[in-house]
Amino acid sequence: MNAQVSLILKLAVLAVLACVPLTGESFYVEVVSKMLVMAIFAMSLDLLVGFTGLVSLGHAAYFGIAAYAAALLSPKYDAASLWFLFPASVGLAALAALVIGLFVLRTKGIYFIMVTLAFAQMAYFVFHDTPVGGGSDGIYLNVKPSAAIGGWEPFDLGNEHHQYYFILAILVLVYLFLARVLKSPFGRALVGIKSNEHRMQSMGYLTFRYKLGAFTLAGALGGVAGFLYAVMFGFVTPELLSWHESGNVLLMVILGGMGNLVGAAVGAFAFEGMRGVFEGWTEHWQLLMGSVIVAVVLFLPGGLSSLPGRLRRALQGGDDK
Amino acid sequence: MSQTNKSEVLMVAKDLTRRFGGLVANRDVSVTIERGKIHVLLGPNGAGKSTCINMLSGDLPPSEGTIHFMGRDITGLTAAQRSRVGIGRSYQRTNIFPQFTVLENVRLAAQSRNQQPWRIFSKAMEQEWALEKARACIEEAGLGKRVDWLSGVLSHGEQRQLEIAMVLATDAQVLLLDEPLAGMGSEESAKMVELLKRLRATRGILLVEHDMDAVFAVADVITVMVNGEMLECGPPEQIKNSVAVQQAYLGTEESFHV
Amino acid sequence: MDFATFLIQTLNSLQYGLLLFLVASGLTLVFGIMGIINLAHGSFYMIGAYMAFVLSSATGSLVWAIVLGIPLALIFGAFLEWALFSRLYKRDHLEQVLLTYGLILVFEQLRSLLVDNDVHGVDIPAFLGASIQLTDVLSYPVYRLAISAVCIVLAVALYFVIQRTRLGMMIRAGNDDRTMVEALGININMIYRVVFALGVALAALAGMLAAPISSVFPNMGGQVLIISFVIVVIGGIGSVWGALVAALIVGFADTFGKVLLPEISGMVVYLVMAAVLLWRPEGILKKG
Numbered sequence: 001m002n003a004q005v006s007l008i009l010k011l012a013v014l015a016v017l018a019c020v021p022l023t024g025e026s027f028y029v030e031v032v033s034k035m036l037v038m039a040i041f042a043m044s045l046d047l048l049v050g051f052t053g054l055v056s057l058g059h060a061a062y063f064g065i066a067a068y069a070a071a072l073l074s075p076k077y078d079a080a081s082l083w084f085l086f087p088a089s090v091g092l093a094a095l096a097a098l099v100i101g102l103f104v105l106r107t108k109g110i111y112f113i114m115v116t117l118a119f120a121q122m123a124y125f126v127f128h129d130t131p132v133g134g135g136s137d138g139i140y141l142n143v144k145p146s147a148a149i150g151g152w153e154p155f156d157l158g159n160e161h162h163q164y165y166f167i168l169a170i171l172v173l174v175y176l177f178l179a180r181v182l183k184s185p186f187g188r189a190l191v192g193i194k195s196n197e198h199r200m201q202s203m204g205y206l207t208f209r210y211k212l213g214a215f216t217l218a219g220a221l222g223g224v225a226g227f228l229y230a231v232m233f234g235f236v237t238p239e240l241l242s243w244h245e246s247g248n249v250l251l252m253v254i255l256g257g258m259g260n261l262v263g264a265a266v267g268a269f270a271f272e273g274m275r276g277v278f279e280g281w282t283e284h285w286q287l288l289m290g291s292v293i294v295a296v297v298l299f300l301p302g303g304l305s306s307l308p309g310r311l312r313r314a315l316q317g318g319d320d321k
Numbered sequence: 001m002s003q004t005n006k007s008e009v010l011m012v013a014k015d016l017t018r019r020f021g022g023l024v025a026n027r028d029v030s031v032t033i034e035r036g037k038i039h040v041l042l043g044p045n046g047a048g049k050s051t052c053i054n055m056l057s058g059d060l061p062p063s064e065g066t067i068h069f070m071g072r073d074i075t076g077l078t079a080a081q082r083s084r085v086g087i088g089r090s091y092q093r094t095n096i097f098p099q100f101t102v103l104e105n106v107r108l109a110a111q112s113r114n115q116q117p118w119r120i121f122s123k124a125m126e127q128e129w130a131l132e133k134a135r136a137c138i139e140e141a142g143l144g145k146r147v148d149w150l151s152g153v154l155s156h157g158e159q160r161q162l163e164i165a166m167v168l169a170t171d172a173q174v175l176l177l178d179e180p181l182a183g184m185g186s187e188e189s190a191k192m193v194e195l196l197k198r199l200r201a202t203r204g205i206l207l208v209e210h211d212m213d214a215v216f217a218v219a220d221v222i223t224v225m226v227n228g229e230m231l232e233c234g235p236p237e238q239i240k241n242s243v244a245v246q247q248a249y250l251g252t253e254e255s256f257h258v
Numbered sequence: 001m002d003f004a005t006f007l008i009q010t011l012n013s014l015q016y017g018l019l020l021f022l023v024a025s026g027l028t029l030v031f032g033i034m035g036i037i038n039l040a041h042g043s044f045y046m047i048g049a050y051m052a053f054v055l056s057s058a059t060g061s062l063v064w065a066i067v068l069g070i071p072l073a074l075i076f077g078a079f080l081e082w083a084l085f086s087r088l089y090k091r092d093h094l095e096q097v098l099l100t101y102g103l104i105l106v107f108e109q110l111r112s113l114l115v116d117n118d119v120h121g122v123d124i125p126a127f128l129g130a131s132i133q134l135t136d137v138l139s140y141p142v143y144r145l146a147i148s149a150v151c152i153v154l155a156v157a158l159y160f161v162i163q164r165t166r167l168g169m170m171i172r173a174g175n176d177d178r179t180m181v182e183a184l185g186i187n188i189n190m191i192y193r194v195v196f197a198l199g200v201a202l203a204a205l206a207g208m209l210a211a212p213i214s215s216v217f218p219n220m221g222g223q224v225l226i227i228s229f230v231i232v233v234i235g236g237i238g239s240v241w242g243a244l245v246a247a248l249i250v251g252f253a254d255t256f257g258k259v260l261l262p263e264i265s266g267m268v269v270y271l272v273m274a275a276v277l278l279w280r281p282e283g284i285l286k287k288g
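Residue numbers (this note's numbering), protein chains in the order written: chain A, 1 to 321; chain B, 1 to 258; chain C, 1 to 288.
Derived from the structure by calculation, the hints contain no laboratory data.
Any given hint could turn out to be false.
[What the hints assert, rightly or not] Simulated coverage check for chain B against chain A, where a stretch passes if three residues somewhere in it have a Cβ under 8 Å from a Cβ of chain A:
id, stretch
1, 71-83
2, 92-98
3, 112-122
Computed from a prediction, not measured in an experiment: that's the story for all the values here.
Don't be surprised by glycine CBs; every beta carbon is placed ideally from N, CA and C.
Sequences are here, hints too, so could you generate the full structure?
Structure below.
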């Protein structure tokens with residue numbers, strides 16, 4: 001696909017997304033809002049899994065930490081300033097990722113997977129067992145943050161449509177940001193680390209620092225998603241940090257094909273869509289979800305994203321390999 | 001045999017010993033690498049050549065001994081840190097980024113000299129200095145016609161050349177080359193020998209090699225290793241005539257054919 | 001803390017640690033020998049606990065449930081290895097994570113369909129129902145001592161299997177050098193199947209033994225899985241003895257953490273892991 005076609009396609013999808021509030025259906029606006037938030041979350045993880053080769057099974061921690069920060073830093077009966085609350089929440093998520101990264105990046109492979117999971121579980125217990133975040137019941141973010149600057153209020157997050165477009169705008173910004181980062185010398189080095197870390201070291205790259213940078217950045221962007229989630233739903237629980245959430249976001253990345261930012265976003269939409277459909281069928285929707293996952297791994301080694309290529313080859317009568 | 005009159009000691013390894021559990025892989029190995037000279041490490045399989053080059057490059061910390069580079073003690077430096085001071089290495093098994101183009105492989109190597117990882121908004125492909133250097137090194141290694149190829153589809157010999165180009169792009173003063181001629185055809189091999197002779201003029205080279213013809217064609221100094229120890233070290237004539245070396249090789253399949 | 005309390009907590013730590021060892025030993029063997037990361041390993045513990053509940057209700061005794069449950073778990077493990085895991089050996093870790101994550105969802109939902117989503121108790125066998133009087137006011141249940149005893153017996157048995165038998169020799173060889181084992185003409189697929197089934201059975205047994213103490217509840221496997229990961233990380237991948245030492249460390253840290261540092265009890269185990277990572281990133285008893 002050449003660059004122009006790809007750009008036109010992306011703009012077309014963006015246009016469609018921009019039209020969702022025009023349907024006037026509150027339900028759709030909320031469903032798609034959540035998909036957009038999850039798309040940001042999935043892209044943030046893709047920076048680690050797809051581009052740096054770090055399979056983190058604890059990414060929900062940063063999502064949840066930012067969500068809790070948003071709730072805890074908001075006054076109980078008053079609106080916080082968005083321009084303080086947003087960067088503060090994201091900053092705390094980044095800080096957590098930086099500290100945890102110092103530990104987990106000392107490990108590799110299976111260890112890394114297990115250790116990221118374990119640290120996320122530790123973060124889960126911080127909110128589950130201690131009173132800081134209301135324990136297992138979670139806490140409310142009662143009043144949505146205000147976007148007012150001085151006396152001027154550019155938009156109102158209490159307005160469902162404003163909130164939708166705010167989230168959409170952040171998604172676009174995160175995408176553009178990551179796309180740019182990946183083109184930078186830093187981003188190229190990350191891809192080099194994924195391909196052959198040992199060789200990067202022998203060429204003089206202190207790869208630990210690059211990985212720590214990527215881990216922190218991914219944590220911060222995961223925090224962006226978590227912040228938006230907290231603002232949207234006004235309620236956070238420790239389950240946001242649970243390892244099921246970490247597993248789900250990893251699934252989204254893989255569904256969309258790793259190492260592809262748009263793919264990660266598509267994976268998030270596909271996952272949330274599948275969840276919606278299955279939930280409509282049965283309360284045991286996870287049985288269907290689990291079976292689909294098992295089947296995909298067994299029969300489609302390249303993930304769902306390899307499906308179009310396989311179909312094309314099959315239709316062209318070529319040998320399907 | 002040396003073509004330069006200016007000889008400058010770049011790297012001195014003294015009494016390197018490496019143990020793996022109870023096994024001694026290297027015992028008291030000393031190597032000197034000088035600018036303008038090619039120093040060849042020779043020996044049968046299992047003689048400890050790889051262990052030695054790994055200690056020099058920082059891939060393996062020595063159990064005992066010291067390594068100095070241009071007067072500075074670098075024994076405690078990691079591989080990445082040694083690359084930064086000017087020691088480059090290539091690997092026995094081709095070790096590149098197969099899904100990148102030739103240019104990107106070497107550009108990454110060039111980028112390593114001025115990393116600026118915090119500049120996450122500049123575009124790598126707009127760093128002209130790195131691109132120019134990468135192109136120059138690719139040309140120097142004789143891969144000028146393959147710049148935009150995916151490196152994974154290059155022939156084996158070309159991948160070895162690519163390895164050299166990557167080492168060159170890191171401005172290495174000392175090149176540690178682990179069997180650069182392994183698996184090459186005679187024509188490719190001859191080209192590589194020419195390349196090595198050209199590179200020698202401004203750098204110091206340490207070579208691990210099996211191919212006897214090539215060794216004697218390029219070597220200025222040869223160190224023969226047996227069972228993890230140095231058997232003899234000297235110019236090629238001395239090694240050719242050494243009784244100890246001939247005895248060590250007699251009866252082994254890798255005896256000299258010179 | 002007076003001496004009697006200390007004694008009780010020590011016994012509890014041992015019992016908990018040994019139980020975790022049963023789960024973690026299978027996990028670390030499967031990691032070490034087959035190179036597989038199995039997120040569904042905690043589900044085997046959950047399945048064991050539910051088998052204890054269902055089978056003891058049907059037969060009237062936990063002992064019968066265990067006698068029936070172990071062969072069932074072995075068969076189940078061998079079947080899973082044949083049907084699913086044998087296809088994962090050559091895949092990367094990410095796909096292993098994915099498939100075994102999918103399996104967790106499947107197992108939990110099947111559990112919900114076949115049993116229900118309630119919390120259930122399991123009765124302690126009558127002959128182990130007594131308590132030992134430690135002081136005038138403190139006593140210790142015999143059942144917990146019995147659990148420790150069973151686990152110790154199994155650990156010793158495992159030691160003999162690994163150190164003294166042909167199977168153990170193959171396991172050790174496979175752990176160190178897969179190609180060598182194949183070159184010797186040993187049927188590596190059979191070793192894998194046996195080891196996997198053994199791991200499933202040990203985890204299920206741990207679940208069955210724990211059922212009367214912890215009761216039986218949905219998602220009980222997840223917690224155990226993560227703790228087992230911590231044990232494997234502390235002990236070193238593939239090292240059964242590392243797993244034993246680490247399991248005991250975790251057992252003590254968790255039990256005494258709850259007594260001494262109740263505010264952060266959930267985190268103590270992870271703090272221990274963090275410390276070990278700083279000290280020895282490859283685990284305290286990493287092979288080689």
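> the stretch 92-98 of chain B covered by chain A? Criterion: 3 or more residues, Cβ-Cβ distance below 8 Å.
Replying inline: holds (count 4)
>> Please check whether the stretch 71-83 of chain B has three or more residues whose CB lies within less than 8 Å of a CB on chain A.
In response: n = 5 at 8 Å, threshold three: holds.
> Counting residues of the stretch 112-122 of chain B that have a beta-carbon nearer than 8 Å to any beta-carbon of chain A, does the count reach 3?
Replying inline: holds (count 10)
The earlier numbered hints are all upheld by this structure, with none contradicted.
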